[in-house]
Amino acid sequence: MSGPGSHTARLGRGFRGLTALGLAALGAVVAVVWIGCSDGDEPAAQRDLWSVGSPDLGATEPAVRDLLASTRAELDALVADSGGDPSTGLGTAMGQQGKLYHAHGFLEAAEACYLNAQMLKPDELAWPYLLGRLYRQRGQPKLAETAWKRALELRPGHLPTLLGLGHLRREQGRLQEAAADFDEALRRDDASAAAWIGLGRVALARDDFQAAVEALERALKLSPAATEIFYPLGLAYRGLGRMEEARSSLARRGTVAAPVADPLMDEIKALETGMRLHLNRGNAEFAAERFEDAVRSFEMAVEADPQSVLARMNLAAALTRLGDSAGALEHTQRALELESDHARANFGMATLLARQGRDAESVEFYRRAVQKDPSYRDAHFNFANALRRLSRFDEAAEHFRKVIQLEPHHAHSRLGLALSLAQAEEWRRAMTVVEESYALLDGHDVTADALVRMLSACPVAELRDGRRALPIAEGLFERSKTLNHLESLAMAAAEVGDFKRAVEFQSAAVKAASSSGNPAIQKRAEAALERYRRGQPSRDPWPG
Amino acid sequence: MTRGSIWVSLKGGLWLTSVLALCWLMQGCGSPQQDPTRASSGVQDAAAGSGSTGAAEPSDAVTGAEFFVDRASEVGLDAVHLNGSDGHLFLAEIVGSGAALVDYDNDGDLDAYLIQGGSLSVELLGAKDLLFKNQLAETGSLSFVDVSDQAGDLADGYGMGIASGDIDNDGFVDLYITQFGSNQLLHNQGDGTFRDITELSGTDDPRWSVSATFWDYDQDGRLDLFVGNYVDFTLTASKQCFSATSEPDYCSPISYRSLPDRLFRNLGTDGADGLPRFEDTTAKAGLLAEHGPALGAVSADFNGDSKPDLYVANDEAANLMWINLGQGRFENQALLAGTAFNLEGEAEASMGLVAGDYDGDGDEDLFMTHLQDETNTLYRNDGSGLFADSTLGSGLDLSSRRYTGFGTGWIDVDQDGRLDLLVVNGAVRMKAELQRAGDPFPLHEPNQLMRQLEDGRFEDVSARAGRVFELSEVSRGAAFGDIDNDGDTDVLVTNNSGPARLLINTVGQDGAWLGLRLRWRGRDDFGARVAVSMGDGRTLWRRVATDGSYASAGDPRLRVGLGEPGKATVRGVEVHWSDGEKQKLSPDAWAVGAYRTVERGKSTGEAGGSP
Chain A
0 MSGPGSHTAR
10 LGRGFRGLTA
20 LGLAALGAVV
30 AVVWIGCSDG
40 DEPAAQRDLW
50 SVGSPDLGAT
60 EPAVRDLLAS
70 TRAELDALVA
80 DSGGDPSTGL
90 GTAMGQQGKL
100 YHAHGFLEAA
110 EACYLNAQML
120 KPDELAWPYL
130 LGRLYRQRGQ
140 PKLAETAWKR
150 ALELRPGHLP
160 TLLGLGHLRR
170 EQGRLQEAAA
180 DFDEALRRDD
190 ASAAAWIGLG
200 RVALARDDFQ
210 AAVEALERAL
220 KLSPAATEIF
230 YPLGLAYRGL
240 GRMEEARSSL
250 ARRGTVAAPV
260 ADPLMDEIKA
270 LETGMRLHLN
280 RGNAEFAAER
290 FEDAVRSFEM
300 AVEADPQSVL
310 ARMNLAAALT
320 RLGDSAGALE
330 HTQRALELES
340 DHARANFGMA
350 TLLARQGRDA
360 ESVEFYRRAV
370 QKDPSYRDAH
380 FNFANALRRL
390 SRFDEAAEHF
400 RKVIQLEPHH
410 AHSRLGLALS
420 LAQAEEWRRA
430 MTVVEESYAL
440 LDGHDVTADA
450 LVRMLSACPV
460 AELRDGRRAL
470 PIAEGLFERS
480 KTLNHLESLA
490 MAAAEVGDFK
500 RAVEFQSAAV
510 KAASSSGNPA
520 IQKRAEAALE
530 RYRRGQPSRD
540 PWPG
Chain B
0 MTRGSIWVSL
10 KGGLWLTSVL
20 ALCWLMQGCG
30 SPQQDPTRAS
40 SGVQDAAAGS
50 GSTGAAEPSD
60 AVTGAEFFVD
70 RASEVGLDAV
80 HLNGSDGHLF
90 LAEIVGSGAA
100 LVDYDNDGDL
110 DAYLIQGGSL
120 SVELLGAKDL
130 LFKNQLAETG
140 SLSFVDVSDQ
150 AGDLADGYGM
160 GIASGDIDND
170 GFVDLYITQF
180 GSNQLLHNQG
190 DGTFRDITEL
200 SGTDDPRWSV
210 SATFWDYDQD
220 GRLDLFVGNY
230 VDFTLTASKQ
240 CFSATSEPDY
250 CSPISYRSLP
260 DRLFRNLGTD
270 GADGLPRFED
280 TTAKAGLLAE
290 HGPALGAVSA
300 DFNGDSKPDL
310 YVANDEAANL
320 MWINLGQGRF
330 ENQALLAGTA
340 FNLEGEAEAS
350 MGLVAGDYDG
360 DGDEDLFMTH
370 LQDETNTLYR
380 NDGSGLFADS
390 TLGSGLDLSS
400 RRYTGFGTGW
410 IDVDQDGRLD
420 LLVVNGAVRM
430 KAELQRAGDP
440 FPLHEPNQLM
450 RQLEDGRFED
460 VSARAGRVFE
470 LSEVSRGAAF
480 GDIDNDGDTD
490 VLVTNNSGPA
500 RLLINTVGQD
510 GAWLGLRLRW
520 RGRDDFGARV
530 AVSMGDGRTL
540 WRRVATDGSY
550 ASAGDPRLRV
560 GLGEPGKATV
570 RGVEVHWSDG
580 EKQKLSPDAW
590 AVGAYRTVER
600 GKSTGEAGGS
610 P
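Sequence lines, in order, name chains A and B.
Numbering that gives the first Met the number 0 puts the first sequence at residues 0 to 543.
Numbering that gives the first Met the number 0 puts the second sequence at residues 0 to 610.
Hints are computed from structural coordinates only; laboratory data are not their basis.
Treat the hints with caution; some may be incorrect.
[Stated by the list, open to error] Listed next, the in silico DSS-like pairs over lysine-lysine satisfying Cα-Cα at most 27 Å (straight line): (1) LYS371(A) / LYS566(B); (2) LYS499(A) / LYS510(A); (3) LYS480(A) / LYS499(A); (4) LYS306(B) / LYS581(B); (5) LYS268(A) / LYS148(A); (6) LYS268(A) / LYS120(A); (7) LYS238(B) / LYS268(A); (8) LYS583(B) / LYS601(B); (9) LYS480(A) / LYS283(B).
Note that this is a predicted model, so its numbers are computed, not measured.
Looking at chain A on its own, in the form it has when it is part of the complex:
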């Protein structure tokens, strides 16, 4: 079935092609033939219904296929039994089947069902409203507008319809009509942030920046969490020449929409069935950083298909983002039971173990991950770090090198490689890595800090150059005032013999370390301070 209009020739009499005009003229239908849903049978009926083709469910997920096939069979039976009599509940059944098709992406079949439901139950808002949504989704604005006009005749002031219509017209450049829709929405509910946003966007399209700012600021007050407001608001500020506010607002741009109660569309979403659709939804939510929603969707995906490694790993990833390590571990373990060499599952397990300080256990999982996918950058990086923590420096260096090969500008891998070489006391090779990285990454903070430390505290005397290190350290601390950079600055000052400044810097570092709450860091900082007080420079670039 490729839309109600596509089977005209095959179906013959009683069928009318779908056009915008045809839709508008539905109220005048007088034909009397029912066209069967699946095979073109033509039982007698009270009305002329649209043909609902049978979507090809061959490649869909079994759960979706079973659901749609069984509900469709029930509908076909009802059609046959009812003879098209609306009093039999056929209209509602048609609409329900339309919702199911709509929820599962079969828009043409859904369209035909909605049209039939609308014909059989002409007083129900749901059918023209959902038709409008469907046409909008399918990029058919004229049909959407016709459907929504009908919805408004049935329910004047229906907010989701008014808002939908307003945006539809705005996107067509029909700004006056769009403004009227949003005004009407506000007349019904002046606390509708969504309507104020619509009005603000219309004003922006008219280059009426002042009006846009007023409407959008009002929307923001009503719905502070709606980050979708910030982008048009930023553009409106820009139009007024208020550049700082523009920058600030644009930087806060987001995708969270102002809430609009829309139970009909909520119902469509709730009908989604099967692992794949829940997975799709969860992926979109995850990408939008709506992790709680993503967890819900992925849980539904797992429930729909407990054997899906993909669903479980996505759920684990979302749970990790919410800080639920135990939950993530549970689903990762299950995923590995299902597919022991799954690269992402092995990586996930390894990372969870490493976070618990269980490096020795983690490395085997990392190894499996990179064996399965040799281009797995994050797995190589975490693997290398775990190996370094286990003092397996040669192996660590190998995996840091692999990351650098995959991503030449990966600063932390370059630092990791230098650290691995330094810890293996291969100071010259470590220095070469640091120098190359510093040049390539143009003084990136991570590589600049490494260079300062090597130049200030490398045990090999000829590699040290405190005079070169000091200005780099000063510049680094100037642009990024961290404890690390403060200690590096102290290290460089000590190396040039300026112990007064070294003590001053390191004292500040000790103070900062004390507020870190980490005794090891504080101990390390205090030890360095004592050394500088004794007039001794550091000979360990990365103490502790």
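Given the coordinates of chain A, assemble chain B onto it according to the supplied hints.
Same frame as chain A, now just chain B:
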């Protein structure tokens, strides 16, 4: 193109040939060659095609013959792209490939370099690219001969895109080929052959690159290189994705991590071998600060400070506008410029893009192509580098929502002085209506021609643009240039898993035009612009570039349509060189109906004007 000629075009070796042959015979390998005869089967929406903008319908529609005819086969340009798909739905198989129009042998006509894909079925295996020599200069008539085997090193990886430019200022155009895997820099040796100098020059990037552009960002006279990288997709870690109907489908880029782009600075040719070396200046330039899945790139001076900037089109992520701060440093100002997101504040799936002054106000506007259900988007420059999304009401919105756009270019099809748009389309997700019809490669869509009207709006004239616009194919690249040297712009279109098309402009030669080639330091001066002052008060601006579109490279020559022959009056022609220096051309430096070359520093132009 016959089936047998696929093998003629393939240089990947016997093993590849046999694998692909098997795929071809089985017809089950995913995407057989497209059937070029089938008609368009896009979504049939009575409303969508009407270009409804709420405003009056266009009224000054041109009448007459079709605008373009496909002459690829007729003139010997037989090339079929191989995507090597085997049913796994690998993302890489639907992204390529592009093409370039370059006069590699400096004989005065544009030759065609076509990027080839390869095989992904057992392992990644590239196929050698194709080079077709144009024999127009020698024979006086347009015809191509495949010289791939005589041209030395051509790229042989799984190809994506191409950039062209003369990296050593020796007067011969060099090529950079982006690939799924390591890229390749081909040095033109001036004898009709290329040499792969990737390793020697230090310009490789082993990641998945699609777009690239040569530009002299530090204005030292040597062309530097930007490489746009896409995502960290690998064959071993390909993900499973599903359509809205839960059927297996190609993944979107957000399923993968985007990769940082790369900037290489040309250090010159100081070595004994006379070949250029490059250094990686990505970090120094500040380009590591932000990145996305890059598919398009174009260099132009967007804020009018006479320094070349760079715009990067990302797929489903914020686009980047790298503003040149001088001293080799850049800052992404896309957000404030209004070009990171569309008017709705949404990141669109940007693929192809082009910069040009469509509204004749002297600055560079941007147009980019997007996914189905998104509009192609027009960003209008206010001259200071701040842009407004002007798509609504432009006539470009509804007509583009039906398709997924890739290659595109500003071209004055009918020489009326207004820049029109050609957009080539092809989906990246399965099209339900094609799947239902049992189409084995259900991504194909027709291409579009959008003609600019007097009021600055655009009219979809695809229906009368020629029979080639009735075809439905999976188009990707579009390289623009005057292939037959008749003064108008022709187009080389590439199709994924399908034949290349050579769209010859059949109307432009009847209009008045002037052609210029602007050269400085022995090569085309990328970024230089010409301002042609017309008798009716308009000023027509055109810029020297080979970048833009999608994964493709075009003709560096400028063509300025002047309207009807005998009626147009040119009051003056002024060149704005890439460093901002201005030069008024004397009347003998240009001519209506001819190309002239202008060498900077010389007061008059020279006869000729080979591309």
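Hints not upheld, ascending by number: Hint 1 contradicted; others consistent.
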